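Please take these sequences and the hints and turn them into a complete structure.
These are the residues of each chain, in order.
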Amino acid sequence: MTTTTLPALEARGLRLAYDGRTVFAGLDLRIEPGSVTTLVGANGSGKSTLLKALGRILKPSAGEVLLEGEPIARLATKEVARRLALLPQSPSAPPGMSVRDLVLRGRNPHQTWARPWSPDDAAVVDRALEATGLTDVADRDVAALSGGQRQRVWIALVVAQEAATLLLDEPTTFLDLTHQLDVLRLVRRINRESGSTVVMVLHDLSLAARYSDRLVVLHGGGVVADGPPAEVITPATLELAFGLRARVIPDPVTGTPLVVPEDD
Amino acid sequence: MSTSPVAVRGPDRNPRAGVVVGPIGLAWRPRLIAVTVVALAAALVLLVVSIGVGSVALTPVDVVRALTGGGTDLQRLIVLQLRLPRALTGALVGLVLGIAGALTQTFTRNPLATPDVIGVTSGASAGAVAAIVLGGGTYSVSTLLLGGGIPVAATLGALIAAALVYGLGWRGGVESYRLILVGIGVGSVLTAITSYLLVRAQISEAQQATVWLVGSLSGASWPSLWPLLAVASVAVPLSIATSTALGLSQLGDETAVGVGLSIQRHRLTVIALAVVLTAAAVAAAGPVGFVAFVVPQVALRVAATSRPPIVLSGLVGTALVLAADLAGRTVFPGEVPVGLVTTVVGAPYLIWLLVRHRKELVS
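Protein chains in written order, with our numbering: chain H, 1223 to 1486; chain Y, 67 to 429.
Misleading hints may appear alongside valid ones.
[Claimed, not checked] FRET-style restraints, in silico, Cβ to Cβ: (1) H:Arg1407 with Y:Val87: 48 to 56 Å; (2) Y:Val87 with H:Asn1265: 33 to 41 Å; (3) H:Tyr1240 with Y:Ala296: 20 to 28 Å; (4) H:Arg1362 with Y:Val103: 21 to 29 Å; (5) Y:Val111 with H:Asp1348: 36 to 44 Å; (6) H:Gly1443 with Y:Leu234: 30 to 38 Å; (7) Y:Val111 with H:Arg1362: 32 to 40 Å.
[Stated by the list, open to error] In silico SDA-like pairs for lysine to any residue, Cα to Cα no more than 25 Å straight-line: (8) H:Lys1281 with H:Ala1298; (9) H:Lys1300 with Y:Leu304; (10) H:Lys1281 with Y:Glu241.
Because the hints were derived from the structure by calculation, they are not lab data.
In this text, all values refer to a predicted model and were calculated from it rather than measured experimentally.
Glycine is no exception: its CB is placed at the ideal position from the N, C-alpha and C atoms.
Here is the structure:
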């Protein structure tokens, strides 16, 4: 695929180590603007490690990450935050912090230290709360909310940041199926409505196939399959990347690939 | 300077409303403002009362008159030369310890992580006891330590302890739980050194050291106050300026970086401020126990915020130390050192906190 547009994010010759173990020796990846890309792979395949490196949380030992064509390591972290927002795996809020108070912190990249509040910020926070369906619980303690609501609060924080690119690390972990769908629909709506680029890590392959434009399958320190879900999710890929014997049938609702494991 | 009106009035934890004055914009938090004003008033009243109480009793009116240049010569002598240094030392020790505790508790996201707990205070104590005990001996370090006296030795001890804790806790960055564990370890070693020095010391030196180790304002004077005042006048405004960053660090490291906080630089700044503030307080009055630990938690609860507010923690610290010193001088026969009073109040509070908030402390 050739394209003339600048990638939203690009990894070049990325070498990443985690706990002293080299996970990727030289990884290249381009993320097109406005797309939803999901990183999938077995446990330990380095999905989260890669996402952390893309979000400048983890420093690569070689290679570089480019954000809209600029080396991310050379940009001020606040400048990066205006263009790239990230949601870590199972974040936690201190007791006593209200939903609105937490989401307001997403405005930090647009603020000066003497002005941690402005009417504009309040308006953006209000819109983020509305988009995530949290207006009614805006003044409640985050710690007192249900798991599904809490995850929406963190997504609202990322939305309030108004960055063009969003990195979401397992945004559906610990949620029941209804709330997983709830989160993924929300993510897709954000992508459609504001044209944001989304890169996320998910475990459920069928859901990943439903809600992504592109899947990147990681295995053995590299990318083993990359492309639209219908091309990527095949019995051969599943066998290779997950050691899973499964059939792939079209999802009766959406037509996207549905993974059905073989009987033992 | 233009003033925009308050947008919408809302409840305390509702930063939809706020105030914008020139370049400054703050969320409107009426409860926090109200309790801060009350704490400031309490601190000022305690300051005046504290100056008035003594062998020559002065009314608050006498005290204020003497402070503003009126009154008799005797009253001005008593107030300005004898009692004001002690009262101001107490006020500042409380202020800086309260702020130091709020800083470390917030950025580690752990109420146990105060200068007392992570070894900084033990370092200062070891330094001071070394100066007292080795001062009379034949060690060559004695001249060095005695040259600057106890305050310099205490400051050095605090800085060395902090450097050790930070250095040993460093592994490509510093994580809170590692800082606390390493801090407790380093603190134990330093306490052992202090005990060793006390065991070896002459009786008179051991007695002097023991009195110092409790934390007392009885030795306060203008010369001992100046360094504390100098440190506070720089480090307190800087601490207040870290408030926004502290609010971000509450969300955890990755989220804080995600919204644009340089986490390692922030940590170094906060640790440096906390250490400098603690060292200045300990150098001036000895290790006044539990203030840095208890005060921010009290401030957090009365303000109903998600983290200890910096200014309020300082003011509650001032009120606590002044009240404790006052109690130590009036309630009991003879004089009970301020550090003993704060410890007697603080230790049960620690136990209460551990029992009541077990879940909070663990998570």
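Distance restraint between Lys1281 (chain H) and Glu241 (chain Y), which requires alpha-carbon spacing of 25 Å or less
Since the Cα atoms of Lys1281 (chain H) and Glu241 (chain Y) sit roughly 17 Å apart, the hinted pair holds (cutoff 25 Å).
Val111 (chain Y) and Arg1362 (chain H), beta-carbon distance inside 32 to 40 Å?
holds, 37 Å
Satisfaction of the hinted span 33 to 41 Å by the C-beta atoms belonging to Val87 (chain Y) and Asn1265 (chain H):
With Cβ atoms ~53 Å apart, the hint is violated.
Are Lys1281 (chain H) and Ala1298 (chain H) close enough, with their CA atoms no more than 25 Å apart?
This hinted pair holds, its Cα atoms lying about 14 Å apart.
Given the range 21 to 29 Å, decide if the beta-carbon distance of Arg1362 (chain H) to Val103 (chain Y) lies inside it.
This hint holds: roughly 28 Å between Cβ atoms.
Determine whether the Cβ-Cβ distance between Arg1407 (chain H) and Val87 (chain Y) falls within the hinted range of 48 to 56 Å.
Given range 48 to 56 Å: violated, Cβ gap about 42 Å.
Range first: 20 to 28 Å. Now tell me if the beta carbons of Tyr1240 (chain H) and Ala296 (chain Y) are that far apart.
This hint is violated: roughly 46 Å between Cβ atoms.
CB-CB spacing for Leu234 (chain Y) and Gly1443 (chain H) relative to the 30 to 38 Å hint
holds, 33 Å
Within 25 Å, alpha carbon to alpha carbon, are Lys1300 (chain H) and Leu304 (chain Y)?
holds, 20 Å
Range hint 36 to 44 Å: satisfied by the CB atoms of Val111 (chain Y) and Asp1348 (chain H)?
holds, 42 Å
Of the numbered hints given earlier, the model fails hints 1, 2, 3; all others are met.
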